[in-house]
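Chemist: Listed below, chain by chain, are the residues.
4 protein chains.
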Amino acid sequence: MIIVMRKGATEEEIADVVERVERAGFGVHLSRGEESTIVGVIGGDRASLEALGSSLEGHPGVARTMRVTKPYKLVSREFHPEDTVVEVGGVRFGGGEVPVIAGPCAVEGRELYLEAAFAAREAGATVLRGGAYKPRSSPYTFQGLGEEGLEILAEARERTGLPVCTEVMDPESVPLVARYADILQVGARNAQNYPLLRALGQIDRPVLLKRGFGTTIEEWLSAAEYILAGGNSQVILCERGIRTFETATRFTLDVAAVPVVRQLTHLPVVVDPSHAAGKRQWVAALARAAVAAGADGLEVEVHPRPDESVSDAAQALSPEAFRQMMDEIAAIAAVLGRRVP
Amino acid sequence: MIIVMRKGATEEEIADVVERVERAGFGVHLSRGEESTIVGVIGGDRASLEALGSSLEGHPGVARTMRVTKPYKLVSREFHPEDTVVEVGGVRFGGGEVPVIAGPCAVEGRELYLEAAFAAREAGATVLRGGAYKPRSSPYTFQGLGEEGLEILAEARERTGLPVCTEVMDPESVPLVARYADILQVGARNAQNYPLLRALGQIDRPVLLKRGFGTTIEEWLSAAEYILAGGNSQVILCERGIRTFETATRFTLDVAAVPVVRQLTHLPVVVDPSHAAGKRQWVAALARAAVAAGADGLEVEVHPRPDESVSDAAQALSPEAFRQMMDEIAAIAAVLGRRVP
Amino acid sequence: MIIVMRKGATEEEIADVVERVERAGFGVHLSRGEESTIVGVIGGDRASLEALGSSLEGHPGVARTMRVTKPYKLVSREFHPEDTVVEVGGVRFGGGEVPVIAGPCAVEGRELYLEAAFAAREAGATVLRGGAYKPRSSPYTFQGLGEEGLEILAEARERTGLPVCTEVMDPESVPLVARYADILQVGARNAQNYPLLRALGQIDRPVLLKRGFGTTIEEWLSAAEYILAGGNSQVILCERGIRTFETATRFTLDVAAVPVVRQLTHLPVVVDPSHAAGKRQWVAALARAAVAAGADGLEVEVHPRPDESVSDAAQALSPEAFRQMMDEIAAIAAVLGRRVP
Amino acid sequence: MIIVMRKGATEEEIADVVERVERAGFGVHLSRGEESTIVGVIGGDRASLEALGSSLEGHPGVARTMRVTKPYKLVSREFHPEDTVVEVGGVRFGGGEVPVIAGPCAVEGRELYLEAAFAAREAGATVLRGGAYKPRSSPYTFQGLGEEGLEILAEARERTGLPVCTEVMDPESVPLVARYADILQVGARNAQNYPLLRALGQIDRPVLLKRGFGTTIEEWLSAAEYILAGGNSQVILCERGIRTFETATRFTLDVAAVPVVRQLTHLPVVVDPSHAAGKRQWVAALARAAVAAGADGLEVEVHPRPDESVSDAAQALSPEAFRQMMDEIAAIAAVLGRRVP
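Protein chains in written order, with the numbering used here: chain F, 34 to 374; chain H, 34 to 374; chain D, 34 to 374; chain W, 34 to 374.
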């Protein structure tokens, strides 16, 4: 069960609720968010939880109590029926618009990144992407430029006027990355890195949470719950393909996750067709499929000269191919009464 | 290696080629098709195959020789660069049109099926579907009406003017089903039932070949090769979802298979969103995604009163929901310069 | 629900039960087995089924009635608590013995097969294997010797005194294969070929039913139910690896299927480590794991000169490697109080 | 390519090599280990790498240069042909012994944990396990006792004399956990958490690295490479089941990973049958299979009263069941010439 405190609940009210929960023999998990404080109740059988819930109805400072049957709760549409809109620098994820995040896989250098950023904006991107910290399978491959990459991203934002999205890989780096980035991205390999998710629950900045390639939809939403339970409800989900037996594509895009997730949660869901396809000739088809399925946005790899890319070269679109993709998805979004900004 | 004989090659010419191949120490696999006879060469290393190939260039009756590096050949786009169009009663799969096959999962009875058929046609379906023979996991569930079902399908075709598509489950039944059906469907569970595929290679009737839920794209195309190698090139491929760890949906629709397969083969590829989703609320989203990805058609379960369906009730669309889906996919097809007939 | 008739139930008694079921508004699925006739009741809600069940308790000819909650019933341990022992030419699967079926993947020729058969027997095999009909991904590769292969198998049995196990691929061939083979094998690709399974339900000969590489344990047991429902309860299950994202091995051996299946069913379960591993250097480790997990036998590919094998060359053991494997599994079986005959 | 410096290479020698690599136009990744410093060369085509490699042969301070074709190198058997033995408090992983790590999933409290620890030791465990930090899908479930849990583990070690193994979830906690634990465990969800792996490369303490449930064997070994590249070669690999379509078990134990990994790497590999099975009745069968396949140890959940466990209750063995399992695996290990200490 979770106990949602009223927005202005006092410390005394919170302490009183915690004490009552503990006195009743339960454990307590306290989440202090900007919007509200949530008292998670740990342990207990159905009957005792119901008794506790009843006793707290109308208690000072308590907004409501809810039984947790799914592993996630704040994330669920039952808890929050209307779509959440995550707004970043004037770009809206989740309100009928379909923004596209684009740019190179990694920030490889200043000149190249700025060239890529302008090309992406020119072709219709409204958010820039680019990794300063890269989770790479091998320790001997390019691992990103680190803070230097963050500075390049900041300069690109300055000069293009577009917000930037970049990956953060460990809790300690969250404050640093949050100083530079407009959206903090959690990569697939960290999709269940709970200390990192907790750290992201403490900041007031949007988070793009990729689904792990081995995680179920339920686990993915539960991972998002860690961020919301910490008090940060600006979460954008991102489907990017799962591991299956098929090897023709790099991963198998689970396009059905889009309507499934939109039914289960109020959070916006975007799709990364680049990592799923793994080969650029299939990226546009997956992008179109994602928008047609109802995705609230896309994240796409674009590179001025894809074959020169130091990571994931095979899957980056050229600016020309990206522009054509943008035209197609704009028309498809319109069919669904949506708009690519 | 395969040796493709000219269309009018004589028996003597064929026999001569076979003899030369055998004399060179290879095994022979002879496929007599309506369009051409193919001499498959079994065994041998690269060098000896090349020598054999050179010696047969320009030989009487020989159209060409080809090294087989993939397990499929006639199916590949290298072999036949233009799109194959499979035409059934005026409906064209593969030529820029996006026809929709619709109807109940199973033919449950005459009245109900006719009602469903008219409703499907009314909402825009151009081919009817319905199983007379049902492959069911349990031997104790409804297994289909058999020939009586085929007769009902024939009556529905007569009265609606639409061609019908129905499943065949074993080689022996091919002639019977072919007497009634316009398209013979191979279900996912028989996707690698080679005796059945061989039998379908011997008929002059389109085959809709579903991908097995555990088969790779390469195996799927190789299965189609069995039909083409037998002489029947009217094959429509159908992606219907694969087995993965995700359980929110019944199967995971591999929407990327559409552009991948369209690159690898000249055969049309359609998508069955119903079996992939397993729940009707997600079917339309998957149908839109499939058309946006470039599918050459759809196969959708529609039932006048879905909750009364004896099989797969949860995934059938009502006629109203189906009509709305049709409107959406028609608009998306138009974006790609295609047309839902 | 299923109604199990007594062993000697008369035609009148059966007809009477069928009539009562139909009069109550249900469909009927009749399975006439050698051991007993089973009346499957199709359709109906819980309440009406219970009413029907009660009304048939003690009815003439009726042994018992059972609610079907799983898709399989005769196969389940609830229905038949003791282990089923399938005996073939003195070899017992399922009674604490761990026999090994061995031989080349395919029967490639008389001389070679006889050499392989003697080598396998010499090294401890108690059943011979070898495919006369081979389900191959490509129509252009060796498809087996057909009836000639069956004759070679029969000669090998004659000369070695060991029973033989070979694959059957379509219902029409069942009588022919049954004339030659002691165990009829259903391959992974035909694991849900229901017409074939039905045909095998009609014969009085053991069937080795491989699990499909994309089928769940529940579907596999349900496939076995088709054979038992037809009246043939001599079924040996065979786990041979499933499709997963891991590509180091050809398939992923689901070794846990052994204890799971032994809990769910009374049928013996054997393991094929050769197809799972796909490379011979890992076959013995998987064989040991299977026996340690409680498998009731193994099916292993052995070839006198593995590198010359025309199919699956990479996974066949040499006779020497096979002998060493036999020594190891015999010792492991002994740890579990079992015996490799 | 990687350049392995001699053990006593001076700072000047290292700096000289780095300079030469950079002057040749390559990037540099420097790993300073206790055993040796490794200069990773980033970028470059085959020809220029070979030229660089030749020029550094025999260079002062350089032990050898190696082309990196796999993403991992120090981990590979080519690099280090003999088995690595990881020794912890007298227990040896990798040298023909098969130690068993056992204990409750989580440290739930002092009394209970000590009881469990003695029971585990009594039944044959030689290392204790227990989570002080628990990665849980839901933020509202028990997350572990934290440092209090570590103190309990230390007390258990003190009193039982057995070393303890416990999970660490983020780089910042590594020094704290390393103060208490003998083996630091990386859980499946952090299998590709590279900052954590880097931090573990900096310590002089054994690491048990679980395979991610969605990661390939190659990715798993590459993750280990991060630790070795940092200078810590005391890594124990742990297979614990992967995600597949089968739902009867919690995960699918990839038992073949044992022989595959033992061929590819010199590091010891143990198996966790508890998380794979997910139900206690199948744990012993998987444990036996693992040892029979050649595992260098096991990690098993044991709880004095399994049904009272606050996490993963369904999969913990009782001390009695654990003891029986120990007897069986000791006998199986003996068959392979190995010994359960």
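It should be emphasised that the hints constitute simulated quantities derived from the structure, not laboratory data.
One or more of the hints may lead you astray.
Since copy identity is lost for identical chains, a pair holds within one copy or between any two.
Unchecked claim - Subject to a maximum C-alpha distance of 20 angstroms in a straight line, what follows is the list of computed EDC-like cross-link-like pairs (lysine to aspartate or glutamate):
1. K40 <-> E55
2. K103 <-> D78
3. K312 <-> E251
4. K103 <-> D345
5. K312 <-> D345
6. K103 <-> E251
7. K40 <-> E188
8. K103 <-> E120
9. K40 <-> E205
10. K312 <-> E52
11. K103 <-> D49
12. K103 <-> E46
13. K40 <-> E251
Chemist: Could you run down the list of hints and mark each one as holding or not?
Modeler: Hints, verified against the model:
When the C-alpha separation of K40 and E55 is checked against a cutoff of 20 angstroms, the pair qualifies neither within a copy, at 22 angstroms, nor between copies, at 57 angstroms. Proximity of K103 and D78 under a CA criterion of 20 angstroms is satisfied intra-copy only: 15 angstroms inside one chain copy versus 30 angstroms between copies. In this homomeric assembly, K312 and E251 come within 20 angstroms of each other (Cα to Cα) only across copies, at 17 angstroms, whereas the closest approach inside a single copy is 28 angstroms. For the identical chains of this complex, K103 and D345 are inter-copy neighbours only, at 17 angstroms across copies versus 36 angstroms inside a copy, given an alpha-carbon limit of 20 angstroms.
In the homo-oligomer, the alpha carbons of K312 and D345 lie at most 20 angstroms apart inside one protomer (9 angstroms), although the nearest pairing across protomers, at 31 angstroms, exceeds that limit. In this assembly of identical chains, the alpha carbons of K103 and E251 lie at most 20 angstroms apart only when taken from the same copy (8 angstroms versus 26 angstroms across copies). Taking the closest pair of Cα atoms, K40 and E188 never come within 20 angstroms of each other, the shortest separation being 37 angstroms inside a single copy and 43 angstroms across copies. With identical chains, the CA atoms of K103 and E120 are never at most 20 angstroms apart, being 28 angstroms at best within one copy and 43 angstroms at best between copies.
Taking the shortest alpha-carbon separations for K40 and E205, neither the intra-copy value of 29 angstroms nor the inter-copy value of 33 angstroms comes in at or below 20 angstroms. Taking the closest pair of Cα atoms, K312 and E52 never come within 20 angstroms of each other, the shortest separation being 56 angstroms inside a single copy and 36 angstroms across copies. For the identical chains of this complex, K103 and D49 are neighbours neither inside a copy (27 angstroms) nor across copies (50 angstroms), given an alpha-carbon limit of 20 angstroms. In this assembly of identical chains, K103 and E46 lie within 20 angstroms of each other by CA distance neither inside one copy nor across copies; the values are 27 angstroms within and 52 angstroms between.
Taking identical chains as interchangeable, the C-alpha atoms of K40 and E251 are never at most 20 angstroms apart, the minima being 28 angstroms within one chain and 49 angstroms between chains.
The earlier numbered hints that this structure contradicts are 1, 7, 8, 9, 10, 11, 12 and 13.
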